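Chains as they are written, first to last, in our numbering: chain A, 3 to 182; chain B, 264 to 447; chain C, 428 to 643.
FYI, nobody ran anything at the bench for these hints, they're computed from the structure.
Predicted model only: the values in this text are computed from it and were never measured.
Be aware that one or more of the hints could be misleading.
To be verified - For lysine-lysine, the following BS3-like pairs were computed, each having C-alpha atoms within a straight-line distance of at most 30 Å:
1. K408(B) with K173(A)
2. K164(A) with K274(B)
3. K164(A) with K73(A)
What the hints assert, rightly or not - FRET-style restraints, in silico, Cβ to Cβ:
4. R623(C) with Q386(B): 26 to 32 Å
5. A587(C) with N400(B): 34 to 40 Å
6. P488(C) with R424(B): 14 to 20 Å
As the list claims (entries may be wrong) - Reference listing, derived: stretches of chain B covered by chain C, where coverage requires no fewer than 3 residues with Cβ under 8 Å from a Cβ of chain C:
7. 282–296
8. 376–387
Where is the CB? At the ideal position from N, CA and C, for every residue including glycine.
So the chains spell out like this:
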Amino acid sequence: MRAETEADGDIVRAVLAGDRERYAQLVERYRDRYARYAARMLGSRDAAEDAVQDAFVRAYDQLAQCQDPNKFVGWFFLILRNRCFAEQRRNRTKAPLEAADGVAAVDTADDRTETAERRRALQLALLDLTPDQREVFVLKHVEGLSYGEIAERLSTSVPSLKMRMHRAYDKLREQLRDHT
Amino acid sequence: MSEYDFHPLVKQLLDGDITIADLPVELRAQGEEALRLLAAVDRSPVSLPAIPQRVMRALTRPPQRFPRWLLAPALALAAALVLWLGRSQGPMATPGSEAAITVHFVLSAPGARAVSVAGTFNQWDPRATPLVRTTANGMWTATLKLPAGHHQYAFVVDGVRWVPDPAAPAVDDGYGRRNSVLTL
Amino acid sequence: MILTVLALLGMQQGIADRLSGRVPPDVGAVVESLGTSAAARGLPIDPLIQKAIEGSAKGVPSARVIAAVRLVAMQLDTAAAALRAGGMISDTLAIAAGAFAINAGMSAHDITNLLMRRGGQTTMNVRLELNVAGTLVAIGVPSAEAADLVSASLQANRPATELLSLPSQVQSEVARGATPAQAAAGLARAAAAQARHGPPPGRPQPPPHPPAPPHP
Numbered sequence: 003m004r005a006e007t008e009a010d011g012d013i014v015r016a017v018l019a020g021d022r023e024r025y026a027q028l029v030e031r032y033r034d035r036y037a038r039y040a041a042r043m044l045g046s047r048d049a050a051e052d053a054v055q056d057a058f059v060r061a062y063d064q065l066a067q068c069q070d071p072n073k074f075v076g077w078f079f080l081i082l083r084n085r086c087f088a089e090q091r092r093n094r095t096k097a098p099l100e101a102a103d104g105v106a107a108v109d110t111a112d113d114r115t116e117t118a119e120r121r122r123a124l125q126l127a128l129l130d131l132t133p134d135q136r137e138v139f140v141l142k143h144v145e146g147l148s149y150g151e152i153a154e155r156l157s158t159s160v161p162s163l164k165m166r167m168h169r170a171y172d173k174l175r176e177q178l179r180d181h182t
Numbered sequence: 264m265s266e267y268d269f270h271p272l273v274k275q276l277l278d279g280d281i282t283i284a285d286l287p288v289e290l291r292a293q294g295e296e297a298l299r300l301l302a303a304v305d306r307s308p309v310s311l312p313a314i315p316q317r318v319m320r321a322l323t324r325p326p327q328r329f330p331r332w333l334l335a336p337a338l339a340l341a342a343a344l345v346l347w348l349g350r351s352q353g354p355m356a357t358p359g360s361e362a363a364i365t366v367h368f369v370l371s372a373p374g375a376r377a378v379s380v381a382g383t384f385n386q387w388d389p390r391a392t393p394l395v396r397t398t399a400n401g402m403w404t405a406t407l408k409l410p411a412g413h414h415q416y417a418f419v420v421d422g423v424r425w426v427p428d429p430a431a432p433a434v435d436d437g438y439g440r441r442n443s444v445l446t447l
Numbered sequence: 428m429i430l431t432v433l434a435l436l437g438m439q440q441g442i443a444d445r446l447s448g449r450v451p452p453d454v455g456a457v458v459e460s461l462g463t464s465a466a467a468r469g470l471p472i473d474p475l476i477q478k479a480i481e482g483s484a485k486g487v488p489s490a491r492v493i494a495a496v497r498l499v500a501m502q503l504d505t506a507a508a509a510l511r512a513g514g515m516i517s518d519t520l521a522i523a524a525g526a527f528a529i530n531a532g533m534s535a536h537d538i539t540n541l542l543m544r545r546g547g548q549t550t551m552n553v554r555l556e557l558n559v560a561g562t563l564v565a566i567g568v569p570s571a572e573a574a575d576l577v578s579a580s581l582q583a584n585r586p587a588t589e590l591l592s593l594p595s596q597v598q599s600e601v602a603r604g605a606t607p608a609q610a611a612a613g614l615a616r617a618a619a620a621q622a623r624h625g626p627p628p629g630r631p632q633p634p635p636h637p638p639a640p641p642h643p
C-alpha cells in the first residue's frame, strides 16, 4: 500500500489514542522547521537543540491541549517560543559574547572573512536587543514572514510589531557603526 | 530619537515597503548602509538530526516530578460524597499555615481512560495529580493534603475534557467553563 | 500602601519568575504590568497570576487569557472598594476573597453590608466569611440572602468550622425541596433566634430505641 503523506491531525489523534511511537513522525517532520529561529534567538546551535528537544517533549506532554490538531506546527511554535523566552530570561546576565560562541555561520568555500565577520557581528548585535525586538527581526528577516503573518502568529498587531522592529533597526545600526 | 537613528524612509526600505530607488538622493547612502545590514543576516538553515532520537528517548523516561498524592486504598465513600466532609475535625488551621487538610477528590467516570485533577493547588497542571480508578464501575479518586483557604479546581478527563466537580459549588472560570470551589 | 521603586522591580521579577515557562511571553508581559500596578494599589497579585496560568493550562488563546486577567483585576478593585466602604483596611487575602465572591455573583453592596454588620470580629475571619458568602451565591443563594446568612451566623458566634458547612446545610435543605433563597433565609432565622435567646435548652434527642423484645 502506498503511504500518502498523513495529515498532522491524524498523527496527533493517533498519539492521543495511545500510539506513542507515532509522535516520532511529527518530530521528524518538524525537527528543523524552527531550528534556525531558535538558533538566532538564543545565539547558539547547542542552545537551540536543547530548546527544540524540550519543546517537543513539552508538546507531547500537553498534546491533549492542542486545540486544533491539524495546526500542530503553529501550536508547537508557540511552545518553542515560550521555551526560548524562558531560556533568555535565565541567561539574562550572561554576556552575549559567550552566548554567541556557537553561532554557526556556514562558511562556504568562497566566504570572505569579512562577510563572516559581519555576519557574526550582526548576530551578536541581535543578542543585545530585547527578546521581543530580536524575535520580530528574526521572524521577518531570517524566516521571511510578512508583518501580517507574524501578527497572526503572535496574536498582536502589525503597528506594534513595526514599532518594535524600528527600535531594533536603530539599536542594530548603533551596534554596527564600527563595521560600516 | 537619537541623531543616529535610521530615517523613517530608510526604515520603510528595511521593511521592504519601498525600494532604494524611492529614496531621495540625500538618503541613498543611508539606504545602502541599511541594505548592507540586511545582507549580513545569517539565513543559513540549521539542521538538528539528533532531535527525533533524543525526544523519543526523553519520552520513555518517567516524569521528573514525584506525584504528591497518597493512595487511599479502602476508601469508604458514599457515592454522593460532599468534599468538605473529608476535612479533619480539628480546629481550623490559620490561613497560609502548612497544617494540611485531607481532601478526597472523587469522580464517577466509567468511560474515561484517564482522570486527573488540576487547580490552584497544582498550577492547573493536568499531569500533576492523576486520579486512580478504584472500582470496576468507574469511580476515580485521589487524596491530597491541602492548606486551609480557598481553592479552585476541575477534573481533566482523558487529558482533553475539563469537567467541574458535579458534587461541588461551581463558578465561572472566565474561559467559557466552570471551576469547582473548595474552601477549607 | 506605597511601594518603593525597588520593591516594585522586585515584584515584577517575582511575577515573571512565577509565570516563566507557564504562560506565553505576551501574556506574561501584560500580567507583569497589571500585577505591578495592582500591587502598588495594595491589591493581591496571586489571583492574577493564577488566572493566567489557568488559562494557559487550558489552552486558551492569549488574547482571551489577557481579557480574563484584566477582569480579575477589575474584580479585585471592586472588592477593595467594597471592603473600604465596610470599614476594612487593606487585607490582601480578604480582597482576594471579595473578588471571588463578586465573580460568583455577589454584589459589592452586599459585601459592604456584610462587613458593617460583623461588629468586632477579628480580621482573620473576613477572608473565610467572604469565601463562604461567595460559595453560597455559587450554589444559588441570592446575594443579599447570602450576606444575611453569614452575618447572622457570625452574630450567633458560630465557629469557623460551622460557617464552612453553611453551603452544605443549604444544599441539604434544597434536597428537601426548599429553594436556595428559602433555605438560606431559614438558616439565618435560626441563627438570629439563637443570637437573641442563646442556644436552646437541650437539643432534642432522638427517641431512645425501644428495648428489644426478649427472645422466646
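Tested hints:
| no. | hint | in the structure |
| --- | --- | --- |
| 1 | K408(B) with K173(A) | violated (52 Å) |
| 2 | K164(A) with K274(B) | holds (10 Å) |
| 3 | K164(A) with K73(A) | holds (26 Å) |
| 4 | R623(C) with Q386(B): 26 to 32 Å | violated (47 Å) |
| 5 | A587(C) with N400(B): 34 to 40 Å | holds (37 Å) |
| 6 | P488(C) with R424(B): 14 to 20 Å | holds (19 Å) |
| 7 | 282–296 | violated (count 0) |
| 8 | 376–387 | holds (count 4) |
Violation of the numbered hints given earlier is confined to hints 1, 4 and 7; the remaining hints are satisfied by the structure.
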